[in-house]
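Chains as they are written, first to last, in the working numbering: chain A, 1 to 305; chain B, 1 to 305.
In short, the hints are calculated from the structure, not lab data. Any given hint could be a false lead.
Because identical chains cannot be distinguished in the list, a pair is counted as satisfied if it fits within a single copy or across any two copies.
SDA-like, lysine to any residue: derived pairs with alpha carbons at most 20 Å apart [what the hints assert, rightly or not]:
hint : residue 1 : residue 2
1    : Lys92     : Ile286
2    : Lys74     : Pro107
3    : Lys290    : Leu253
4    : Lys92     : Asp82
5    : Lys180    : Gly276
6    : Lys290    : Glu149
7    : Lys74     : Val31
Bear in mind the structure is a predicted one, so any value in this text is a computation, not a measurement.
2 protein chains.
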Amino acid sequence: MALGIGDDAALLNVTPGQQLVMASDTLVAGVHFPETASGRQVATRALCVNLSDMAAMGANPRWFTLALTLPRDKANAEWLADFSAGLGDIAKQQGVALVGGDTTSGPLTLTLTLVGEVPAGEALTRGGAGPGDSVFVTGYLGDGAASLEAITNNKSLHIDSDRLLQRFYSPQPQIQAGLKLRAIASACIDISDGLMADLGHICKASGVTAVIQTEQLPIAAEILELSPLDALEWALCGGDDYQLCFTVAADHLAKVDALIELGELDARRIGTINPGDQSISPVSVIDKNKTLLTVVKPGYNHFGN
Amino acid sequence: MALGIGDDAALLNVTPGQQLVMASDTLVAGVHFPETASGRQVATRALCVNLSDMAAMGANPRWFTLALTLPRDKANAEWLADFSAGLGDIAKQQGVALVGGDTTSGPLTLTLTLVGEVPAGEALTRGGAGPGDSVFVTGYLGDGAASLEAITNNKSLHIDSDRLLQRFYSPQPQIQAGLKLRAIASACIDISDGLMADLGHICKASGVTAVIQTEQLPIAAEILELSPLDALEWALCGGDDYQLCFTVAADHLAKVDALIELGELDARRIGTINPGDQSISPVSVIDKNKTLLTVVKPGYNHFGN
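Generate coordinates for the entire structure from the input sequences, incorporating the hints supplied.
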């Protein structure tokens, strides 16, 4: 960057020929993460969640500002050092620079604003899915909801998994997948509210409907063992997965298959896009017997309030 | 903009040849404005204060995101309509577009992140002041501190001034002045913490010192009448003025004088830049008899807590 923290604002050099991608997200203690989370956990989750929006646009994240509201019990060198180390690690790993921000006193709240770059005209949006397109997701689904159960100490599940804790506090933003899907995917979104809700956003923006096949859903063996009854609902409706859901038209399908075959893209086909139809819900789910399932979306989970 | 609110992020077209200027500011109810402020007052103050950072850089503000944390008593259509109308009016007036954001539930807090553009290499910074430069300020000084007294109902002052209330809730960001000072000013800052503190930032960043002449300070007649004893301290140390303080080298002085003469720039010369000297404070104040004054900076004013 041309000029960083310390002046009235940061001065940034945009790469010629690029469009900007800009998004803000706020995380509130007790709502988006438990009050007991460590500084490092808070920092990594906040940055990862925000980076996920960049991934969904196929953008290369470049800069971010941080507005941090801190309560007195956390405004100490130890908490801040832990927080800064966590933020620095993810920023370095993802190649994004902190260029400014503000700190105020109050209940623990973070607002991050990220700016990324994408070659002009190549951004992935929600609005390009067409009938006949295939629906894909990256990684595993349901980890987010299962990790939320682990965090909130649902005793009946006996969850004791470092992998799930890691998935909650450091959800891996799918930046590299987003970059590879430019000029290949017809639409893309990150799964923050749950597959059905987020694929529903693609359907709405594109004027189409979608059908998902349950036997194609990528669910980690650990999750299936943990709670076979919950696993499907977690995968369909659980939030916080921060994987990408994207659609691909028939003429680009071979490119996606090749990326998957070469190990350059961790993704799986889970369904199909159909024409718009206002008489049915935007996203339908069928099992291996082609039976239409009724999915009841659970309420949004808060932390103890 | 290419794509606005409704996708994972906004997609923005940068003007070729421009650098970006990016800044975030948080305003907390009860700290940065009174709990009793109306939606419109909160919105206009938040956007104006953030725009002031763009003015200080000589940037043309283009886009902003808003992260709004709302308590239950304000999460209603009436408060939000008033807030949105205020935000919209300032945004339209200053040519800046809301491109995204986030709303959460909690104590009233706003974080705005603005992105502006400036022709490459022409941004105004704090670091370019040199010995022999003249120090200028735009508009009047002390209005911010006086308006704070008005807001906090300091009865001993009998303040009843719509102009001052307006100055607090809608401080006019000096965007046009900033644009005109590109390639003219050697350093620039907006006065948010008080003239002495903010000119001190220029001195520190530039490795120089400054002398201010009290009889040159632009103080509104209203303020002088209100409290002759306080007026000088308000002008020197009061925050919230959101005027620009800038320095100009001798070879550009005629340009500034011409802009002022033509009525295109409302500014006044208030002092001089001297070489760096670690044995004195960065900013000295002398009266018309050239007597050095001792200025005791008052503490930061909170609202009732």
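Practice task
Measure nothing new, just compare the shortest in-copy and cross-copy C-alpha distances for lysine 92 and aspartate 82 to 20 Å and report within, between, both or neither.
Solution key: Within. Shortest intra-copy distance 15 Å satisfies the 20 Å Cα cut-off; inter-copy 42 Å does not.
Practice task
Since the copies are identical, ignore which copy is meant and state whether lysine 92 and isoleucine 286 lie within 20 Å (CA to CA) inside a copy, between copies, both or neither.
Solution key: neither (42 Å within a copy, 49 Å between copies)
Practice task
Check lysine 290 against glutamate 149 for me: Cα-Cα at most 20 Å, and say if that holds within a copy, between copies, both or neither.
Solution key: neither (30 Å within a copy, 71 Å between copies)
Exercise for the section: First find the shortest C-alpha distance between lysine 74 and valine 31 inside one copy, then the shortest across copies, and answer within, between, both or neither for a cut-off of 20 Å. Expected result: both (17 Å within a copy, 19 Å between copies)
Problem - Up to 20 Å CA-CA - proline 107 versus lysine 74, copy category - result: Close inside one copy (10 Å) and across copies (18 Å); limit 20 Å.
Problem - Homo-oligomer pair classification [leucine 253, lysine 290; C-alpha up to 20 Å] - result: Intra 23 Å, inter 80 Å, cutoff 20 Å: neither.
Practice task
Measure nothing new, just compare the shortest in-copy and cross-copy C-alpha distances for lysine 180 and glycine 276 to 20 Å and report within, between, both or neither.
Solution key: neither (28 Å within a copy, 53 Å between copies)
In this structure, the hints that do not hold are numbers 1, 3, 5 and 6, in rising order.
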